[in-house]
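Participant: What follows is each chain in one-letter form.
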Amino acid sequence: MTAVRTPEQDLARFRARLAVAGVVVFVCFGLLVARFFYLQVVRYDYYSTRAEDNRISLVPIVPNRGLITDRNGTVLARNYSAYTLEITPSKVADLDATIEALSQLVDIQPKDRRRLKKLMDESKSFESLPIRNRLSDEEVARFIAQRYRFPGVELKARLFRDYPMGSFASHVIGYIGRINDKDLARIEESDEAANYRGTDHIGKSGLEKSYETALHGLTGFEEVEVDSGGRAVRLLRRTPAVPGNNVVLTLDLKLQEIVEKAFGNRRGALVAIEPATGGVLAMVSTPTFDPNLFVDGIAPPDWDQLNTNPDKPLLNRAIYSAYPPGSTFKPFMALGALTTGKRTPGYVMGDPGYFNYGGHRFMDDKVGGHGSVDIYKSIVVSCNTFYYVLANDMGIDAIANFLRPFGFGQRSGIDLPGEATGVLPSPEWKKQRFKRPEQQKWFGGETISVGIGQGYNAYTPLQVASALGALVNDGVLYRPHLARYVVDAKTGARRTIEPQPLRTIPLKQAHIDLIKRAMVGVNKAGTGARAFAGAPYEVGGKTGTAQVFSLKGAKYVEGRLAERLRDHSWFIAFAPADKPKIALAVLVENGGFGAQSAAPIARQALDYYLLGKVPAGIAPEDPAGVESADDEEHAH
Amino acid sequence: MSPRLDPRTWLRYLLAPMDGPLLLLMLALAGYAGIVMVSASPERLPLVAVNTSIAFTSMWIAAKIPPQRMMSIALPLYGLGLLLLVAVALFGEISKGAQRWLHIGVTRIQPSELMKIAMPLTLAWYFQTREGMIRGRDFLIAGALLAVPVLMIAKQPDLGTSILVAASGFFVLFFAGLSWKLILPVAIVGVVGIGSIVATGDIICKPGVEWPGLREYQKHRVCTLLDPTSDPLGKGFHIIQSTIAIGSGGMTGKGWGAGTQTHLDFLPERHTDFIFAVMTEEFGLAGALLVVVLYILLILRGLFIAAGAPTLFSRLLAGALTLIFFTYAFVNMGMVSGILPVVGVPLPFVSYGGTALVTLCLGVGMLMSIQRHRRRVGT
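Protein chains in written order, with our numbering: chain R, 1 to 636; chain G, 1 to 379.
The hints are simulated quantities; they were obtained by calculation from the structure and are not laboratory data.
Just to be clear, a hint being listed does not mean it is correct.
Under 10 Å between C-beta atoms, here's a sample of chain R residues computed to sit facing chain G [said to hold, decoys possible]:
| id | residue |
| --- | --- |
| 1 | V33 |
| 2 | Y148 |
| 3 | R149 |
| 4 | S228 |
If you only want the chain R side, here are some residues facing chain G, beta carbon under 7 Å, derived [said to hold, decoys possible]:
| id | residue |
| --- | --- |
| 5 | F14 |
| 6 | R17 |
| 7 | L18 |
| 8 | L32 |
| 9 | F36 |
| 10 | Q40 |
| 11 | R55 |
| 12 | Y196 |
| 13 | D227 |
| 14 | R231 |
| 15 | K581 |
Heads up, the beta-carbon is just placed ideally off N, CA and C, and yes, glycines get one too.
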């Protein structure tokens with residue numbers, strides 16, 4: 001940069017710099033071309049996939065949920081289409097003001113608002129939540145005319161689940177509800193997330209839960225081209241949804257209805273089984289509830305009412321509550337005595353009315369005893385002393401080992417969620433159940449109580465009914481089940497749920513026949529005779545009374561005890577005696593002596609099932625009748 | 001001039017001031033731009049035609065102005081530009097957070113655009129007046145002439161234009177013989193600086209970290225470039241979507257009008273700054289190479305003209321204008337393909353936008369003028 005240079009020098013220097021600039025230009029453009037080559041050739045697959053992902057969006061087509069019908073085709077769960085008004089909280093500036101404005105157009109009750117609040121607590125703010133379901137045509141029209149005022153509020157045509165029989169068989173059918181975080185985690189765990197895109201309800205209890213997979217169906221998809229705003233531009237491909245299968249039950253709704261009405265407002269349970277298949281004909285738990293309340297999120301007052309009710313209407317007593325079986329245990333004990341050889345059919349003992357063991361006197365309920373008692377008579381008159389002695393002779397291990405194959409103290413494997421195990425008492429069980437060594441020890445006196453179905457014994461009504469089924473089915477135990485067929489909603493093809501024999505208990509036919517004869521005797525001349533007076537079919541039965549409250553030797557007088565402390569009333573029965581088509585167990589909580597409360601319910605059930613006799617006050621044919629499936633598909 | 005409207009005479013009259021190779025290249029670029037615009041924004045085609053006509057007319061007029069005349073208007077133009085920049089700072093219209101526009105009567109103008117032409121003209125004029133006795137002091141004065149408008153434009157803020165104006169001035173200084181001792185250290189510091197920003201991007205891009213001298217949106221642009229996924233719905237969206245458009249084009253592209261990124265609105269600013277992504281999505285690597293080759297030919301022609309220019313003024317002006325075209329092209333393609341920050345520089349001669357097109361064509365016209373007048377001025 002010296003002051004004086006010749007023009008030639010300047011020009012030469014200038015041209016050198018032009019050359020440098022040219023080199024820089026080539027290097028820079030070379031860099032760009034390398035970048036283009038990298039993007040367009042090396043990474044072409046990646047970017048072309050990204051572009052496709054941008055372009056294509058999958059819109060789920062939610063399948064119609066399958067129907068649930070009873071064995072005669074009576075619809076227990078179905079779908080119907082209706083309009084619902086939904087709010088996406090994150091898109092609404094002032095939620096309360098919006099709801100207030102909406103309530104000018106459509107009827108919004110305080111309970112609708114409370115339900116929305118509850119749903120908001122359970123959901124994410126970008127989810128669309130219902131504020132009002134089942135809008136009337138007039139309300140739909142009013143909203144559409146003013147919808148511009150309500151950004152973030154949408155009218156959606158949706159399929160709703162409906163339980164047309166209301167509270168009948170509600171514990172068995174269960175209900176669906178909105179998918180919550182727990183359900184979502186389970187769905188993801190089972191790799192079903194894709195199939196649940198667009199679905200916002202799932203089976204929460206009962207058969208709706210256990211047959212969720214079959215009922216739900218396969219979600220279809222529409223492949224649509226979308227623009228950057230997510231708006232669909234055109235349809236590329238459509239995979240239709242496969243509707244959920246219909247589930248046909250072994251349940252007879254009429255029988256169910258008769259039994260539920262027979263219970264009146266008493267608490268209790270009944271399970272009736274077809275012994276030869278394990279098919280459940282009726283499963284009652286009272287009080288019941290209306291599953292329709294749950295479908296779109298239960299309103300808090302309804303929930304409080306159900307949840308705090310001391311009668312626990314949500315509890316399925318038939319499979320979840322375990323009770324001491326009382327004297328309904330005796331036929332099984334007697335069969336055990338014969339099978340293990342501890343007693344013979346001809347064995348007779350004299351009953352003094354008590355049994356002394358370890359300084360304690362176990363009393364018979366008849367003062368002075370029943371005189372000479374053999375196996376047959378011990379069942380007919382329900383002689384306690386006979387079984388005190390028998391239990392002591394057999395010992396707790398032999399009792400437990402004989403009864404275990406009948407399913408006592410084990411989950412039956414029925415196709416319902418939430419089954420309780422119950423307790424088949426044994427020294428091993430006691431060791432596991434208690435922590436302190438002095439509690440773990442088994443005492444001989446405890447065996448005596450077990451012998452008459454008291455003490456630690458605790459079985460669900462289902463277990464008792466299922467065990468009776470095995471007994472009258474000549475020792476073949478079937479897994480109890482509620483579903484009979486799974487029917488393809490499109491083709492009508494049925495898949496039979498095959499009866500599943502669990503095991504054959506090695507029993508002698510002569511022993512079985514003796515026990516069955518004795519149980520028939522119960523209803524002819526024994527404790528069940530009054531309830532079954534004049535029955536035109538031969539029916540076996542056994543009453544039972546389970547102690548709720550230990551009287552510590554004092555005499556039990558029903559009127560003096562608070563209702564909740566009264567004994568539970570049991571009755572088990574099977575008919576016809578020679579070839580049983582039905583075996584059942586009835587339990588009436590705090591119903592007192594079994595013959596009083598439970599046996600008449602069993603009588604009504606058998607009269608209907610064997611004779612078709614419908615008690616006064618119940619329609620002989622249900623007007624709801626058989627309904628056809630709603631096949632229309634429903635895109636979300 | 002013949003009074004008769006003989007087409008041949010007219011054509012000769014029209015072509016007389018033009019440089020053949022440059023005109024062919026301009027027509028090729030304009031044609032290519034039109035083809036891409038049919039896909040990117042067909043509704044703007046009439047406007048594109050009008051803009052292109054105005055731009056070519058400007059080019060023709062500029063080509064007719066002899067370099068001597070240019071020299072004489074350089075300083076007044078610079079003064080006018082400076083005045084307008086002051087006016088913008090005082091009364092300018094604020095749009096999108098930047099004060100760039102000035103209302104004059106019915107229309108509004110962007111004075112910074114004027115500086116892109118006025119700056120190389122003025123600096124080339126300055127060095128021409130000092131020819132034969134250029135000292136270090138002259139580079140200081142030239143640097144000051146350059147710095148004032150650049151800083152004013154950067155303050156608007158308009159980073160893209162201030163970079164282009166600064167570059168146009170710097171190119172004059174470079175060709176005037178700015179010492180390598182000054183250039184190399186700055187270049188090295190620049191490379192090291194950019195390198196360290198890239199290396200430490202995670203730390204310095206954290207929210208709350210302030211960058212001295214740069215605005216929040218400028219920091220954001222740099223940080224988004226370093227990691228577009230950090231802001232996939234905001235600023236990063238543009239870069240992510242344009243690289244997807246380019247990459248998914250592959251070797252030969254998806255076909256004219258078949259770019260999904262373009263036509264489903266994923267691509268932002270598709271007729272202006274990001275039109276290169278449309279071009280490469282639909283015509284692939286082949287389409288990209290075509291435009292790069294056109295630019296290289298244009299630049300080579302420009303450098304050739306500069307090399308043969310007779311005066312210092314025309315040499316410096318031709319060299320600087322040529323490198324301006326390069327800067328436009330490199331910065332635009334670099335930012336759209338994700339290796340440079342998004343600074344709002346159009347793709348020269350292709351992007352929609354009348355002002356920039358006219359400015360660029362004026363530059364080409366000046367190159368043509370230098371080429372056509374080389375013999376008459378020669379010593």
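Participant: Hint by hint, say whether it matches the structure.
Facilitator: Here is how each hint holds up against the structure:
Here the hint on R/V33 is kept, as its CB sits about 6 Å from the closest CB of chain G, short of 10 Å. The beta carbon of R/Y148 comes no nearer than 24 Å to any beta carbon in chain G, farther than 10 Å, and the hint placing it at the interface is violated. The closest approach between the C-beta of R/R149 and any C-beta of chain G is roughly 28 Å, which is over the 10 Å cut-off, so the hint fails. About 4 Å separates the beta-carbon of R/S228 from the nearest beta-carbon of chain G, less than 10 Å, and the hint is met.
Of the supplied interface hints, the one on R/F14 holds, with its beta-carbon coming within about 6 Å of a beta-carbon of chain G, less than 7 Å. Because the smallest distance between the Cβ of R/R17 and any Cβ of chain G comes to about 6 Å, under 7 Å, the interface hint for this residue holds. Interface restraint check for R/L18: the shortest CB-CB distance to chain G comes to about 5 Å, inside 7 Å, so the restraint holds. Proximity of R/L32 to chain G holds as hinted, the smallest CB-CB distance being about 5 Å (cut-off 7 Å).
Interface restraint check for R/F36: the shortest CB-CB distance to chain G comes to about 5 Å, inside 7 Å, so the restraint holds. Nearest Cβ of chain G to the Cβ of R/Q40: about 5 Å, under the 7 Å cut. The hint holds. Here the hint on R/R55 is kept, as its CB sits about 5 Å from the closest CB of chain G, short of 7 Å. Look at R/Y196: its Cβ only gets to about 26 Å from chain G, farther than 7 Å, so that hint breaks.
With a least beta-carbon distance of about 4 Å to chain G, the hint placing R/D227 at the interface is held under the 7 Å criterion. For R/R231, the interface hint is violated, the least distance from its beta-carbon to any beta-carbon of chain G being 9 Å, above 7 Å. The restraint placing R/K581 at the interface with chain G is violated, with a minimum CB-CB distance near 67 Å, outside the 7 Å limit.
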